[in-house]
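Number of protein chains: 2
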Amino acid sequence: MLRQLLPIALIACAASTSASANLKVDEAIKYRQSAYTFMAWNMGRIRANTEGELSRDEVVKAANAIAAIANSGLGSLFVPGSDQGKGWIETRAKSEIFTDGAGVGKVAMRFNQEANAMAAIAGTGDAAALKAQLGKLGATCKSCHDNYRAKAAE
Amino acid sequence: MLRQLLPIALIACAASTSASANLKVDEAIKYRQSAYTFMAWNMGRIRANTEGELSRDEVVKAANAIAAIANSGLGSLFVPGSDQGKGWIETRAKSEIFTDGAGVGKVAMRFNQEANAMAAIAGTGDAAALKAQLGKLGATCKSCHDNYRAKAAE
Numbered sequence: 000m001l002r003q004l005l006p007i008a009l010i011a012c013a014a015s016t017s018a019s020a021n022l023k024v025d026e027a028i029k030y031r032q033s034a035y036t037f038m039a040w041n042m043g044r045i046r047a048n049t050e051g052e053l054s055r056d057e058v059v060k061a062a063n064a065i066a067a068i069a070n071s072g073l074g075s076l077f078v079p080g081s082d083q084g085k086g087w088i089e090t091r092a093k094s095e096i097f098t099d100g101a102g103v104g105k106v107a108m109r110f111n112q113e114a115n116a117m118a119a120i121a122g123t124g125d126a127a128a129l130k131a132q133l134g135k136l137g138a139t140c141k142s143c144h145d146n147y148r149a150k151a152a153e
Numbered sequence: 000m001l002r003q004l005l006p007i008a009l010i011a012c013a014a015s016t017s018a019s020a021n022l023k024v025d026e027a028i029k030y031r032q033s034a035y036t037f038m039a040w041n042m043g044r045i046r047a048n049t050e051g052e053l054s055r056d057e058v059v060k061a062a063n064a065i066a067a068i069a070n071s072g073l074g075s076l077f078v079p080g081s082d083q084g085k086g087w088i089e090t091r092a093k094s095e096i097f098t099d100g101a102g103v104g105k106v107a108m109r110f111n112q113e114a115n116a117m118a119a120i121a122g123t124g125d126a127a128a129l130k131a132q133l134g135k136l137g138a139t140c141k142s143c144h145d146n147y148r149a150k151a152a153e
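Protein chains in written order, with numbering that gives the first Met the number 0: chain A, 0 to 153; chain B, 0 to 153.
Everything labelled a hint here was simulated from the structure, so no lab data went into it. Ideal Cβ positions, reconstructed from N, Cα and C, are used throughout, including at glycine. One or more of the hints may lead you astray.
[Unchecked claim] Pairs of lysine-lysine, BS3-like flavour, derived with a Cα cap of 30 angstroms:
1) A:LYS135 / B:LYS23
2) B:LYS23 / B:LYS141
3) A:LYS93 / A:LYS141
4) B:LYS150 / A:LYS85
5) B:LYS23 / A:LYS130
6) B:LYS85 / A:LYS93
7) B:LYS141 / A:LYS85
8) B:LYS23 / A:LYS150
9) A:LYS85 / A:LYS141
10) A:LYS23 / B:LYS130
11) B:LYS85 / A:LYS141
12) A:LYS150 / B:LYS85
13) B:LYS105 / B:LYS130
14) B:LYS141 / B:LYS130
15) B:LYS85 / A:LYS85
16) B:LYS105 / B:LYS141
17) A:LYS23 / B:LYS105
18) A:LYS23 / B:LYS141
19) A:LYS23 / B:LYS85
20) A:LYS85 / B:LYS105
21) B:LYS23 / B:LYS130
22) B:LYS135 / A:LYS23
[What the hints assert, rightly or not] The following residues of chain A were derived to be distant from chain B, with all beta-carbon distances above 12 angstroms:
23) PRO79
24) ILE96
25) GLY102
26) MET108
27) PHE110
28) ALA128
29) LYS130
30) ARG148
31) LYS150
32) ALA152
Starting from the given sequences, assemble the full structure and let the hints guide the process.
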């Protein structure tokens, strides 16, 4: 039941936001590429902290940024037709994003859950727990990439 | 006194983060361009909400994203030598960023303060207050651009 409702929620979100409704395809692609790229920096910072000297402050800052971006409503940046277009670079989003609502809703929900779980433990300074949570969070990224992002050109 | 200390804090931050220490110039530029671009989307969403039908939920999401990014330690992305280089595009960062520590510290602190103030009132649904705060926040962006970013090529 939840899985069936999620795509509807995503679509409703995209359609109801006045700012997003006016977004051009290439703008939307640029904004989402920016979001994922900035999150990648923060993932890397958390990883580096679990592998070296750990700064709780930096982990908290990085995890909060990831969670806030994950919770910001990125779904509304997947405007209709944005499986084709150029933001900073050509998008690699597959058309399945716009047809497999149930599957997309599932990975999107997992991504948000794991991002929030990371933010919740960021201040503990427990390197092993942070590393484990980073693995779970990274798995949600990979899951979406495997299914909904075309491979990079060789 | 505070103005003299701030640049030291910024430099210390950049030097002490293990992840940032290994950042290449072009990576750092790409990450910061991503951060500012994603914040621009969220600024636009808040503006649209103050000018049309207001969604408290969307304003909160957007304001939280801006604040978390502002608080994430963007200063560490201004690695030495990154007034020259190409992230998504050629950087327009002026070399003054690396020489005017007191001035940069001041605009950075104001930006963080206004971003946090925006997040604090985001849930009120008070369009006039949100618009006024957006003006204050936008003024900190403009202040930095006017002083530390080269004009776009015609």
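Hint-by-hint comparison with the structure:
no.: 1; hint: A:LYS135 / B:LYS23; result: 27 angstroms, holds
no.: 2; hint: B:LYS23 / B:LYS141; result: 27 angstroms, holds
no.: 3; hint: A:LYS93 / A:LYS141; result: 14 angstroms, holds
no.: 4; hint: B:LYS150 / A:LYS85; result: 24 angstroms, holds
no.: 5; hint: B:LYS23 / A:LYS130; result: 24 angstroms, holds
no.: 6; hint: B:LYS85 / A:LYS93; result: 28 angstroms, holds
no.: 7; hint: B:LYS141 / A:LYS85; result: 27 angstroms, holds
no.: 8; hint: B:LYS23 / A:LYS150; result: 24 angstroms, holds
no.: 9; hint: A:LYS85 / A:LYS141; result: 22 angstroms, holds
no.: 10; hint: A:LYS23 / B:LYS130; result: 24 angstroms, holds
no.: 11; hint: B:LYS85 / A:LYS141; result: 27 angstroms, holds
no.: 12; hint: A:LYS150 / B:LYS85; result: 24 angstroms, holds
no.: 13; hint: B:LYS105 / B:LYS130; result: 23 angstroms, holds
no.: 14; hint: B:LYS141 / B:LYS130; result: 16 angstroms, holds
no.: 15; hint: B:LYS85 / A:LYS85; result: 18 angstroms, holds
no.: 16; hint: B:LYS105 / B:LYS141; result: 13 angstroms, holds
no.: 17; hint: A:LYS23 / B:LYS105; result: 35 angstroms, violated
no.: 18; hint: A:LYS23 / B:LYS141; result: 24 angstroms, holds
no.: 19; hint: A:LYS23 / B:LYS85; result: 25 angstroms, holds
no.: 20; hint: A:LYS85 / B:LYS105; result: 36 angstroms, violated
no.: 21; hint: B:LYS23 / B:LYS130; result: 38 angstroms, violated
no.: 22; hint: B:LYS135 / A:LYS23; result: 27 angstroms, holds
no.: 23; hint: PRO79; result: 18 angstroms, holds
no.: 24; hint: ILE96; result: 19 angstroms, holds
no.: 25; hint: GLY102; result: 23 angstroms, holds
no.: 26; hint: MET108; result: 16 angstroms, holds
no.: 27; hint: PHE110; result: 15 angstroms, holds
no.: 28; hint: ALA128; result: 19 angstroms, holds
no.: 29; hint: LYS130; result: 14 angstroms, holds
no.: 30; hint: ARG148; result: 17 angstroms, holds
no.: 31; hint: LYS150; result: 21 angstroms, holds
no.: 32; hint: ALA152; result: 17 angstroms, holds
Consistency note: the structure conflicts with the earlier hints numbered 17, 20 and 21.
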